[in-house]
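Q: Sequence lines, in order, name chains R, F and L. Just so you know, we're using our numbering here: the first sequence kicks off at 473 and counts up by one. Just so you know, we're using our numbering here: the second sequence kicks off at 500 and counts up by one. Just so you know, we're using our numbering here: the third sequence kicks off at 88 and counts up by one.
No lab work stands behind these hints, which were simulated from the structure alone. Fair warning: there could be bad hints in the mix.
Stated by the list, open to error - DSS-like, lysine-lysine: derived pairs with alpha carbons at most 30 Å apart:
1) R:Lys-485 / R:Lys-692
2) R:Lys-692 / R:Lys-637
3) R:Lys-599 / R:Lys-692
4) R:Lys-599 / F:Lys-622
5) F:Lys-622 / R:Lys-554
6) R:Lys-554 / R:Lys-485
What you are looking at is a predicted structure, and each value in this text was computed from that prediction instead of being measured.
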Amino acid sequence: MTKPDSAADPIVKVDDLHAYYGKSHVLNGVSLQVGRSEVVGLLGRNGVGKSTTLKSIMGLVHAQQGTVLFEGKPVTGMPAHKLARSGIAYVPEDRRIFRLLTVMENLRTGLDRAGMTESRRHELLDKVYELFPILAERRNQHGGTLSGGEQQMLAIARAMMLEPKIILLDEPTEGLMPRMVAQIARIIEILHREGVAILLVEQNVALTLECSRRVYFMEKGETRHHAAAADLTVDDPVIHQYLGV
Amino acid sequence: MAIPWDLIVVQTVNGIVTGMILALVASGLTLIFGIMDVVNFAHGELFMLGAYIGVLVLASTGSFLLALTTASLVVALIGAALQIVTLRPLIGRDPLTTILATFGASLVLQNYALWQFGPISRKIAEPVSGQFHLLYLEYPWYRLVIAVASAAIIGAFWLFLKFGRYGIWIRATTQDRVMAQAMGIPVPWVHTGVFAIGAAMAAASGVLFGPLVGVEPYMGLPWVLKAFIVVVVGGMGSFGGSIAAAIFVSLLESYASIWVSPSQAIIVSFVVLILTLLFRPTGLFGSASR
Amino acid sequence: MTKRDTRSFWIGFAVIVALLAAAPLVLPPFWRHFVTEILIWGLLAMSSDLLIGYTGLISFGHSAFFGLGVYGAAAALLLVAPPNLFLAIALGLAAAALVAGFVAFFSTRLRDIYFAITTLIFSQIFYVIIFTWTSVTGGENGLTFTRPGLGVPGLYVVRFTPTTMHWFVLAVVALSYLVLRRITRSPFGMVLQAIRENEGRTRAIGYHVEHYKIVAVMLSGVFAGLAGVLYALQNEFAAADFVFFLVSGETVIYNVMGGIGTLVGPIVGAAFFLLLREALSRFFTEYYLIPLGVIFIAMVIFMPQGLLGFARRWLNR
Numbered sequence: 473m474t475k476p477d478s479a480a481d482p483i484v485k486v487d488d489l490h491a492y493y494g495k496s497h498v499l500n501g502v503s504l505q506v507g508r509s510e511v512v513g514l515l516g517r518n519g520v521g522k523s524t525t526l527k528s529i530m531g532l533v534h535a536q537q538g539t540v541l542f543e544g545k546p547v548t549g550m551p552a553h554k555l556a557r558s559g560i561a562y563v564p565e566d567r568r569i570f571r572l573l574t575v576m577e578n579l580r581t582g583l584d585r586a587g588m589t590e591s592r593r594h595e596l597l598d599k600v601y602e603l604f605p606i607l608a609e610r611r612n613q614h615g616g617t618l619s620g621g622e623q624q625m626l627a628i629a630r631a632m633m634l635e636p637k638i639i640l641l642d643e644p645t646e647g648l649m650p651r652m653v654a655q656i657a658r659i660i661e662i663l664h665r666e667g668v669a670i671l672l673v674e675q676n677v678a679l680t681l682e683c684s685r686r687v688y689f690m691e692k693g694e695t696r697h698h699a700a701a702a703d704l705t706v707d708d709p710v711i712h713q714y715l716g717v
Numbered sequence: 500m501a502i503p504w505d506l507i508v509v510q511t512v513n514g515i516v517t518g519m520i521l522a523l524v525a526s527g528l529t530l531i532f533g534i535m536d537v538v539n540f541a542h543g544e545l546f547m548l549g550a551y552i553g554v555l556v557l558a559s560t561g562s563f564l565l566a567l568t569t570a571s572l573v574v575a576l577i578g579a580a581l582q583i584v585t586l587r588p589l590i591g592r593d594p595l596t597t598i599l600a601t602f603g604a605s606l607v608l609q610n611y612a613l614w615q616f617g618p619i620s621r622k623i624a625e626p627v628s629g630q631f632h633l634l635y636l637e638y639p640w641y642r643l644v645i646a647v648a649s650a651a652i653i654g655a656f657w658l659f660l661k662f663g664r665y666g667i668w669i670r671a672t673t674q675d676r677v678m679a680q681a682m683g684i685p686v687p688w689v690h691t692g693v694f695a696i697g698a699a700m701a702a703a704s705g706v707l708f709g710p711l712v713g714v715e716p717y718m719g720l721p722w723v724l725k726a727f728i729v730v731v732v733g734g735m736g737s738f739g740g741s742i743a744a745a746i747f748v749s750l751l752e753s754y755a756s757i758w759v760s761p762s763q764a765i766i767v768s769f770v771v772l773i774l775t776l777l778f779r780p781t782g783l784f785g786s787a788s789r
Numbered sequence: 088m089t090k091r092d093t094r095s096f097w098i099g100f101a102v103i104v105a106l107l108a109a110a111p112l113v114l115p116p117f118w119r120h121f122v123t124e125i126l127i128w129g130l131l132a133m134s135s136d137l138l139i140g141y142t143g144l145i146s147f148g149h150s151a152f153f154g155l156g157v158y159g160a161a162a163a164l165l166l167v168a169p170p171n172l173f174l175a176i177a178l179g180l181a182a183a184a185l186v187a188g189f190v191a192f193f194s195t196r197l198r199d200i201y202f203a204i205t206t207l208i209f210s211q212i213f214y215v216i217i218f219t220w221t222s223v224t225g226g227e228n229g230l231t232f233t234r235p236g237l238g239v240p241g242l243y244v245v246r247f248t249p250t251t252m253h254w255f256v257l258a259v260v261a262l263s264y265l266v267l268r269r270i271t272r273s274p275f276g277m278v279l280q281a282i283r284e285n286e287g288r289t290r291a292i293g294y295h296v297e298h299y300k301i302v303a304v305m306l307s308g309v310f311a312g313l314a315g316v317l318y319a320l321q322n323e324f325a326a327a328d329f330v331f332f333l334v335s336g337e338t339v340i341y342n343v344m345g346g347i348g349t350l351v352g353p354i355v356g357a358a359f360f361l362l363l364r365e366a367l368s369r370f371f372t373e374y375y376l377i378p379l380g381v382i383f384i385a386m387v388i389f390m391p392q393g394l395l396g397f398a399r400r401w402l403n404r
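Given the sequences, and given the hints that come with them, work out the whole structure.
A: Here it is as structure tokens:
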């Protein structure tokens, strides 16, 4: 199997990251990189530290060792809100919609920032409302009243308000109906075409392979292997090795 | 025993007036609790400091409105400083340590006031003189002014929370601190800001209340106690619940003081608290979620 | 605990008690009285440590238990002639236990901040009652009474001198310490510590957490009441101020300053606080709480283990 070429000019580069929850060692040497407008998958069994990897890139989990570079500059230890404003968006596994805020207010949390012009706001809103017409329909409804799929769309739309250069996308299809899963794949494709990089954590292997250019495999808190998505199939021995039950 | 209807009418008005001030004190406290799980023990002292600054500004300028705004602004700054110095270092530690830190701050502020201003109560002249007839009583207009002013401040704040950019930041942070930060909201500064706003609201209530009984270094404690009660009875962290509970508790105390002395009437609020804790620990007025 | 640890503990205990027993013989009256007071406040602080340090509940209402101890003793001394020491202790403890039971019943339904606020508010209820019920409690003026003698009335009674009073206080405090230490190391104490570490899990294992908490609050209240009785005997007066919130606040300060969860720490904290107050009052007169509050906040932030924990870490370095 050929080693895939890593991005020449990575937007995010993670090097030997270690993190602990209390005394348990949850990240044990994570290294990966994501190129500009590249979609990269992160696969592994439950509990190997995929979500924690995303959280530590976002600065939500404190990494005790290792570095995260964003656009070539070290950002390890930088507070999450600064990272969000410099172009990293995070869509968590459980979506974490602000349940008591309306759809519009949820979007505003990412829109109300310095340097935002009125016309740009409208552009961004129009774009997500076009992409997710259902959100336009429910714009004055509380986030908590949306269905699971609608909440997922809102979570992605909300992240898009930050005009990110990279989105850390954690299990976007979890618990969704097949029709919704297809829509998520379409959105990833659209974002990719617009030049947004995505680091995708997914249980759905087929979707990951379809969307990503490269895939990393994690085991025991460590990135152990990485391959070009095109070289892999759902039944690949590598997939079985890292994901098989 | 005949029911003293006339007294009940008067006490209803009194209860609503003190209820509105209490609501102003408690909504700051509940806001701070809701967003950062901090019970601000020094809240009563911020109320007291506001009243003193009001006294000073009023004495030198003669303008009550200026006294109100200056006191609110200065105490907001004091609140922000307090939050940065004593609470920020405690982020990530047991929330109980924040009670200890704010308790320490309350001791410092209280004794500072004692040292600066002495133990003797100072009067603030009522900015609105004149009375109107309430049954057989001459009822001071100023008391109604207090109720209206408190309601106006609370209302303005509610509008800000509902529609203002920073209001949305505050609500988002209250609901999910981590996600708010991931959306680019500077959560540490939102915390500081909320503490400052809560402090300003306490200070404003201090200035409004000052003319009723005078200003002294220990005036904060009964208010912070009642505000605690209101916050628990209203459902911890619930803004609307606190306001409802403030009026409810003040009315009850007001009626009770028809028969007992005001210092004993406070026991009524204590009893309300105990009953609430027994039968509805999530609060009488708040919804369980927040 | 190994045998050697046990031996060094008893040696240390004996040395400290001996030093404290010798104190009134060598110290001038002011400092003798000072040491006696430290022991009394130390007992109050220690009682509260059972909750703060071992159960994870911050009580801001210990003044109620302490104050009821004071007033219980006062009632026995004023109402029964001739005044009887043991009756005073018994009534003081009974009053404190009653109040503690009442407070415990309600407050233990709550955790964390809610517990702290509830205990504070309960103590204020008792303060208001005592402050306004002037005909019985003397209200603002308080009550004065005379200290009974030590011994069995009718058989053999000696009058207390300041020195014997000090020894009496020392004996009670030292004994209380041993009892509290025994409690914290008993299976019961282990359950309390489990509640502190993880209440949910302790409940899941099958312990009735509320019952344990109620007993903990009552035990703590009884020892606080004992401190109140000693205070009444030492100072021969009772005042509503002893039920006031400030006493509870200072009790918490002693704990934090000395180091919670150690029993000895709170006594050290009380000594530190009272010495600091003494020193600071020289410069700041009655406004000593300004610098003291600042020191307290700094200790909360920078020295969460208190003086004892700090010293321990420093010695182990």
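Q: For every hint, state whether the structure bears it out.
A: Taking the hints in turn, this is what the structure says about them:
Distance check on the hinted pair: Lys-485 (chain R) and Lys-692 (chain R) sit about 20 Å apart at the alpha-carbon level, within 30 Å; holds. Of the supplied pair hints, the one linking Lys-692 (chain R) and Lys-637 (chain R) holds, its CA atoms being roughly 29 Å apart against a limit of 30 Å. Note on Lys-599 (chain R) and Lys-692 (chain R): the hinted pairing is violated, with a Cα-Cα distance of about 40 Å set against a maximum of 30 Å. Of the pairs offered as hints, the one joining Lys-599 (chain R) and Lys-622 (chain F) is violated, with about 60 Å between alpha carbons and a cut-off of 30 Å exceeded.
Between the alpha carbons of Lys-622 (chain F) and Lys-554 (chain R) the distance comes to roughly 49 Å, so the proposed pair goes past 30 Å and is violated. Proposed proximity of Lys-554 (chain R) and Lys-485 (chain R) is supported: the alpha carbons are some 17 Å apart, at most 30 Å.
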